[in-house]
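**Q** Sequence:
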Amino acid sequence: MPRTPQRWRAILTGTATALTLLLPQGAAHAAPPAAPDKIDKIDKALLADLAGKGKTDFLVRLKGGANLAAAHAAPTKAGKAAQVYQAKTALATASQAGLRSLLTARKADFTPLWIANAAKVTGDADLAEEIAALPEVERLEPDIAVQVPEPTAKRAPSAARAKVDGVEWNIDRIGANRVWSEFGARGEGVTVGVIASGVQFDHPAYASRYRGKMADGSLDHSYNWHDTTTCSTHQDGMCHGAGEGATYVLGVMVGGTETQSIGVAPGATWMGVNACEQLCYMSALLAAGQWMLAPTDRAGRHPRPDLAPDIVTSFWRFPSSDSSVNIGFPRWYREVLDAWVAAGIFPVLDNSFNESGACGSAVAPGGFANAYTAGTFGADNAIWQWSTRGPGENGQVKPDIAAPGVDVLTSWPGNNYYVSSSSGYSAAHVAGAVALLWSAAPSLYRDVPATRALLDRTAADVADTSCGGSAQKNNVWGEGRLDVHAAVKAAPTGGTGALTGTVTAGGTPLALVTVTTAAPGARTVVTAADGTYRIPRLAAGTHQVTVRKPGYGTATGTVTVTAGGSAVHDVALSSVPTRTVTGTVTGDGASAAGANVHVVGTADNATTDAAGRYRLTLPDGDHELKVTPASLSPCAGTANARISVTGDMTKDIALPPRADVFGYTCSTGTEPWIAGTHKVTPPAQWVPPAVDVPFSFPFYRGSHGRIWPSMTGYVGFTPDGDTPWNDNLPSFQLQRPAILPFWDDLWLDDQAGIYTTAMGTAPRRTFVVEWRNVTFRGDRTKRVSFAALLHEDGSIGFRYRGTSPGLSEGSSATIGIQGGFTDNSAIEYASHRSALADGRSVTFTPTGRGLLSGTVLNANDSTPVGGATVKVGDVATLTTAGDGTFTGLIPPGEYQVTVSKERYGTVSRQAAVRIGERSNADVSLVTGRVSADTTAVELVARGGEPAASATFTLTNLGKAAAPYSVEADAVGGWLSVSPGSGDLAPGASAVVTVTGSAAGLAAGTFRNGRLIVRSASAGTPVFHIPASVVAPKTEIAVDAGGIRDTRDAAGHRWSADRAYSAGGYGYLGDQSRTHTATGPIRGTADQELCKTARESMLEYRFDGLPTGVYTVELGFAETRDTRPGQRIFTVTAEGRLAVPGLDVAAEAGVRTATTRRYAVKVTDGRLNLRFVGQRGTPLVNTIRVTERPDKTLP
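Residues -30 to -1, 1 to 1164 in mature numbering (1 follows the signal peptide of the UniProt record, and there is no 0) are what the sequence shown lists, from first letter to last.
Some hints here could point you the wrong way.
What the hints assert, rightly or not - In silico lysine to aspartate or glutamate, EDC-like type, Cα no more than 16 Å apart, as pairs:
1. K14 with E108
2. K25 with D94
3. K596 with E887
Since the hints were made in silico from the structure, they are not lab data.
Between the sequences and the hints, there should be enough to build the whole structure, so can you do that?
**A** See the structure below:
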């Protein structure tokens, strides 16, 4: 079986990352009544997801679509994009008003996605049903995750095929180098947008072509780069990503240096969106699609459709057509493609790969009818065995064309170049070819249908009808092999010319002057050191040219370019008065050395000195300064300051604390070292110990009463194994909340240990976790000590001692905190760099939130309830610690706090949270408390009966209603109960009848089982009652005082009373007498048995009993009008006290039955029951002696 050529990242489920809000949310509005068919609007897979998770992300589609006719008719690039943006956003604003109002009222997280008239929503099943009830809502579907392809295993550049005419084989094969030399077009004036994972933005192959790179080398990511999803590695504000997937394809599209001709259009510029790193969800792809149509600044505001790219490439795929999770060709993304095309953006999508190379394997996105995709071939002109075959959507021929993608030399992360294969490379060749075509033939610029037709017409036919089609157009090669030289040669160029010139001021050449020509075919260049500039290709005709440089003003003019000619446009600028602006930049409590002070919109920059001072020379007027701290200032954030210059001035700038998306900030200091006092012993290496914290510790969106300090230098909040492979924060390795004072591949030997201690009093307690004298697995000669301080207010402190150059200074460690992976909530203080020193402290403080705390008690007995769930609106879900307390970091506002736990009632109350303050929300939870009036059920099958029954009572002693069930657990099914279940109100009782079968049970044997009682009782939700059925071999029942044999209500025989005679049984005592009550006896159904009694006897004696254990049941009823205290007596059995000091009148009442039962062991063949009067004479009404083979006594 062949090796799989690409490693797919797994499809991950979970919460999608937060997307940039580009439209305002509406005001509160109540939901209309539910429509009868609302469930029909909810996708079945989403219903299952909501049932399983309770709360999840999903997409809501609104009815109606935007009319894009005006965009198709617009003559310019800016006009087309503006018309699409206006039509799409207007429709979304109108049709989504009710939805947004509902979601705002429910405080739900949502993001409008105007490009598809949709919204991403985070909610539960109840919210989904409310949304589905809105008449304007068409459909609710899951936010589906997609796969992100990667190239095949890399090979060294030496494995590359020989160059052809000085360029890589793939560049020559499509004729790109001939376009460069014959037509002088290398993609100038064309911008390619890439949607993938992160990128190594400074790779030498294409760094200079990034549209956000300013003339002075600084970077401006506004309108040029955007993150719609989590990024694991940022540098200079741009996502590097876990796979840096855009790095590979950018090399093929626009890459190239003096020594490496790897890119098709090395003169084109590029921009990008990180939408698919470790996660790639449809909502992120929609957000990326709409950002490409109308890029925004870094804050996600001020959309600019005029800055949309000319070509967009996207590299992801849905599961294959034979997958159980295949979703076909979703309308969501078709609407994105339609919008791009209407805006004149050429979409080139990855046709992906298929391990089987089967016909019909072209799935979304490459299989979409309105996408342009490429099959993949190698240097031998043979189709790649894993190239995806059509047909695609609606049976359309797919791919559209074929391009190189096997054994291609391209850029790789780390400034490297490697040989690999990928279907994405084929798409990159097509994108680069379109850039060449539009650069060489401006008349085709933004004319997507005409460009597609030209590429199709000039492709080299390859006859392969194995998957259908014709020799000229089939589902293996599409229209054939890409030939961009033939396409440019056949293009209606209409004539082009060049534009050159020199910019001066006072006769002196000016460098770094920006020269821009307006659309169509807009170009921007910067003057060289001698003031000259050159735009090699412009369409013949009149162009507006704008020249600007700070301090010299702006000059605008027109120039006429003739076909084949070279127009000259020299410009003389005049200097304007300049002033000196100085100041000091501070951050994190100190001077910010090495900070960059940039004048926005210009090439002017200054770098602060060691004292944080800077100096700029600026013309009069209003300016905006953007200050970015040096990378070695991890706790300082970026600041913007507006100044109005009218003369020399001083502007000091304080950098704000750096904050993550949750609001945690960091600061450094020299706080004192604090050591732990109690050594914690892990159960094993790589298994963190569980440690209880003596308070509820709030951290990000949760609260914790237990932690797991890892051997590898971090505190976790779940019992997972150690993770020694530290990466950047937020960490893909951990993907869970963690506190990381020194995350590295550490080792605990006999000289090291983890120690803890608690300090302070509530509500200002601190829990310390110290890693003492730990060493490194890779170098046992190095050691370091560090500590994490967990404060009751949610802040965290780090302390360090014993550092030395290298490992113990953090050169390979990750230091910081993280709340999760998917939402980018993390602060990385340092990663893999020496950033620590003895005495260094780092403090992380939550901002913009208040503390909400409380204690949850059991309403029955006021004991604490641990493990209760505390839901604070929709912003936080907390868990109570073992002492019932909780504390959470909550945004300011009024909230409904709902507290619940299994087998408890649910209680809600209101709470107000204010920034920087602590609010309280104590709660008592009601619960049932079901108990039984017996600890065992003993069923005696008397006289050979086939079954025996008994009853017991269940009572709810709690303060909440409690459903219950009773289950008989006995092998063979001989035990049964009735009723088996029910509901008990507070204080209510239920009588349960237990029946045991004695069928087949020999005399002198027994069976054991148990009853399982379950109830909604928090204290004891399940308890067991032993149950047995016994077939006794010996049983004697005596009706004391009775003169004839009789039977009781159950049909059991009782013998008449008698005087003792040797070998038999009976009473002893010459003064003994009988008495019969004249009135009824309460508390019994056996009146005849209980009305008669024997008094004044000394003993009852039973001879001839085999050795064993017996139960003795004594029935008592005061038959006279004896008052309490007048008759008190004691009963002994075999010399042992059985019934002490019994006063029947006092304990049961006059003429009221009561029973005493006990077990006794007989070893001499005789049972002696002695009655000793203490006041008055003894009395007994019934005596039953039963052999009990199921019991044992010492």
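**Q** Against each hint, give a clear statement of whether it holds in the structure.
**A** So, going through the hints one by one against the coordinates:
{"no.": "1", "hint": "K14 with E108", "verdict": "holds (15 Å)"}
{"no.": "2", "hint": "K25 with D94", "verdict": "holds (4 Å)"}
{"no.": "3", "hint": "K596 with E887", "verdict": "violated (33 Å)"}
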